[in-house]
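Novice: Each chain, written out:
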Amino acid sequence: MSLSAIVMLIFGSTVLYGGLLYFIYRAFKAGK
Amino acid sequence: MGLVIISEKKEHWDSRFAFIMAAVGSAVGLGNVWRFPFVCYKNGGGAFLIPYFVALFTAGIPLMILEFSVGHMLRGPPPECFKKIGKKLEWIGWWTTLIPFIVASYYVVVMAWCFSYMIYSVDLRWGADAGNFFLNTFLGATTGPFVIGGFRIPVILGLLAIWTSIFLILYKGVKRIGKVVAITVPLPTILLIILTVRGLTLPGAMQGVSYYLTPDFSKLLHGDVWLAAYAQVFFSLSLAQGILITYASFLKKKSDITNNAFIASLADAGTSFLAGFTVFSVVGYLALSKGVGIEKLGIAGPYLTFITYPTAISLLPFAASVFGIMFYIALLTFGIDSAFSMIEPITVGINTKWRISKTKSTAIICMLGFFASLIFTTGSGLHWLDIVDHFIANFGLVLVGLTECIVFGYLYKLYRLREHANAVSDIRIGRWWDILIRFIVPVVLITLLIASLFENLTTTYMGYPAWAIIAGGVIPLLVILIISIILMQKRGK
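If you're matching them up, the sequences are chains W and V in order.
Counted the way our numbering counts, the first sequence spans residues 1 to 32.
Counted the way our numbering counts, the second sequence spans residues 1 to 493.
FYI, nobody ran anything at the bench for these hints, they're computed from the structure.
Glycine included, every Cβ here is placed at the ideal spot set by N, Cα and C.
Be aware that a few hints might be false.
[To be verified] Listed below are the simulated SDA-like cross-link pairs for lysine to any residue, each with C-alpha atoms no more than 25 Å apart in a straight line:
(1) W:Lys29 - V:His12
(2) V:Lys172 - V:Lys42
(3) V:Lys179 - W:Phe28
(4) V:Lys175 - W:Ala30
(5) W:Lys29 - V:Phe17
(6) V:Lys219 - W:Tyr25
(7) V:Lys290 - W:Met1
(8) V:Lys252 - W:Met1
(9) V:Lys253 - W:Tyr25
(10) V:Lys253 - W:Arg26
(11) V:Lys42 - W:Ala5
(12) W:Lys29 - V:Pro186
[Stated by the list, open to error] Here are some chain V residues the structure puts well away from chain W; computed CB gaps all over 12 Å:
(13) Arg16
(14) Ala47
(15) Ala161
(16) Arg176
(17) Ala205
(18) Asn260
(19) Ser265
(20) Asp268
(21) Phe371
(22) Leu477
(23) Leu478
Please take these sequences and the hints and turn them into a complete structure.
Specialist: Pasting the structure below:
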């Protein structure tokens, strides 16, 4: 796999799964 | 918030988890597997993620917040919500609920195909030529839409099973939906992860993934790539179908809106991104095994699901049937949440207006849906499915989305919805949201509409005869418009 594809893989995963985890964390923190 | 009217004995979701799972289940469907990876590959590979994320944060999530806020604040299915804004606007609500009903009528047929293929996976019945099996043996596909051909019994049996499942899930109300989605949302995701891991261990998988993700940044200068990103986000998130409005109407008064919208949208996009690895790893393996280029293989729509993927499954060195069954179970469980969510707004709409029982309204709609689906089970079904889907998605859904922005952005005081969302949500939204709903999203949707109109006026869609376009594209849209107006005029109870 090319380096640029790996960079896009990291970029996509960070935004999507990182973002998802962050908002789930906020939901737990709010406790609603 | 003078417009908040809470009906007596209003049903509620059991928990926040149930609501989020239902919203995610509705958004994640067959399109995440057979549309996103192809759109991404075709529009710049990894570079497509940039316009895709821009579209997600400037249109997808703001529209989802809008629909959640409308349902939660006005507490009803779309016809009820639009009626509360203006009595003469009720027809827009019916129109919003009838469009997903039409979508469900053919979506369920694709699920029936998946159902049959799940059974066929046991002995890999498609054999060495999956294309011939799918088009001729299984579908009996005719040469054109007006060569109807006979009904396909295996498809009708699958159809019966799916419509019966939809009835059994919906007739008891949202509490049962909550219980169903607790299984049907995580299960296909787990299966997809297993299939991805298997796919990535196959020879040629990395070349496939490279095709999917290697960025071509020059494509970002093309307007159609940005349009494709907005279209992908818009069609994938179950927007403009009244589903999210209806689901949010069952939320408890203090439930969060904004954070739920972020979670549901990102879960949907995350599933699409993952599905790209599932698809392209296997496609890479197939390309290597057959000694052909990836671009020569069908990597989107029914061709990916029922020809390319089965061909690759047959070539697996061991447990081919197991992976075949897993793939079709994943598709079926991804699809069922989307299918019943498309039926829920109209059944709740009828149930609310005429005060008939949920069982009765669900039974009526499921039976009507079954009969509407029958045309797609004939030899000409694939042609009709293609035509109806093209026009309903490109014109019906986009028009509803645009109308929503105009009604809530201009005819209603949009700041009230924002204030309502902020009053119950952990994350507060600012005036930027009003700008997105009133200006940015409508401009994008108008551009999509003009682009589709231009394309359809300058070229005949897929070379189909004009009468087929009128019968499958124009007439359904007009009929649902007329029915919407009739339903508005009928006196409720």
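Novice: Work down the list of hints and note, for each, if the structure agrees.
Specialist: Going through the hints against the structure:
Only pairs whose Cα atoms come within 25 Å are accepted, and Lys29 of chain W paired with His12 of chain V is accepted, the gap being roughly 23 Å. Of the supplied pair hints, the one linking Lys172 of chain V and Lys42 of chain V is violated, its CA atoms being roughly 43 Å apart against a limit of 25 Å. Taking the CA atoms of Lys179 of chain V and Phe28 of chain W, the gap is about 21 Å. The hint holds against a cut of 25 Å. Restraint check for Lys175 of chain V and Ala30 of chain W: the C-alpha separation of about 24 Å stays at or below 25 Å, so the hint holds.
Taken as a hint, the Lys29 of chain W and Phe17 of chain V pair is honoured in the structure, with Cα atoms around 14 Å apart against an allowance of 25 Å. For the hint pairing Lys219 of chain V with Tyr25 of chain W, the CA-to-CA distance comes to about 35 Å; that exceeds 25 Å, so the pair is violated. Among the hinted pairs, Lys290 of chain V with Met1 of chain W is consistent with the structure: their alpha-carbon atoms are about 20 Å apart, no more than 25 Å. Distance check on the hinted pair: Lys252 of chain V and Met1 of chain W sit about 48 Å apart at the alpha-carbon level, beyond 25 Å; violated.
A C-alpha spacing of about 22 Å is found between Lys253 of chain V and Tyr25 of chain W, which places the hinted pair at or below 25 Å, so the restraint holds. Proximity of Lys253 of chain V to Arg26 of chain W is assessed by CA-CA distance (about 19 Å); at most 25 Å being required, the pair is judged to hold. A hinted pair counts as satisfied when its Cα atoms are at most 25 Å apart, and Lys42 of chain V with Ala5 of chain W qualifies at roughly 15 Å. For a cut-off of 25 Å, the pair hint linking Lys29 of chain W to Pro186 of chain V stands: about 22 Å separates their Cα positions.
Some Cβ of chain W comes within 12 Å of the Cβ of Arg16 of chain V; the nearest lies about 7 Å off, and the non-interface call is violated. Consistency note on Ala47 of chain V: stated as away from chain W, yet its beta-carbon is not over 12 Å from all of that chain's, at 7 Å minimum. Every beta carbon of chain W lies more than 12 Å from that of Ala161 of chain V, the smallest distance being close to 33 Å; the non-interface claim holds. Distance to chain W confirms Arg176 of chain V as a non-interface residue, since its nearest Cβ pair spans about 23 Å, more than 12 Å.
Distance check on Ala205 of chain V: its Cβ comes as close as 10 Å (rounded) to a Cβ of chain W, failing to clear the 12 Å threshold; non-interface status is violated. Asn260 of chain V, annotated as away from the interface, has a beta carbon of chain W within 12 Å; the closest lies near 8 Å. Taking the minimum C-beta to C-beta distance to chain W, about 9 Å, the non-interface status of Ser265 of chain V is violated against the 12 Å cut. At the 12 Å boundary, the C-beta of Asp268 of chain V falls inside the reach of chain W, the nearest C-beta of that chain being 10 Å off.
Remark: the non-interface label on Phe371 of chain V is consistent with the geometry, its nearest Cβ contact in chain W lying 40 Å away (cut-off 12 Å). Consistency note on Leu477 of chain V: stated as away from chain W, and its beta-carbon is indeed over 12 Å from all of that chain's, at 34 Å minimum. Every Cβ of chain W is farther than 12 Å from the Cβ of Leu478 of chain V; the closest lies at roughly 39 Å, confirming the non-interface assignment.
Hint compliance for this structure: hints 2, 6, 8, 13, 14, 17, 18, 19, 20 are broken, all remaining hints hold.
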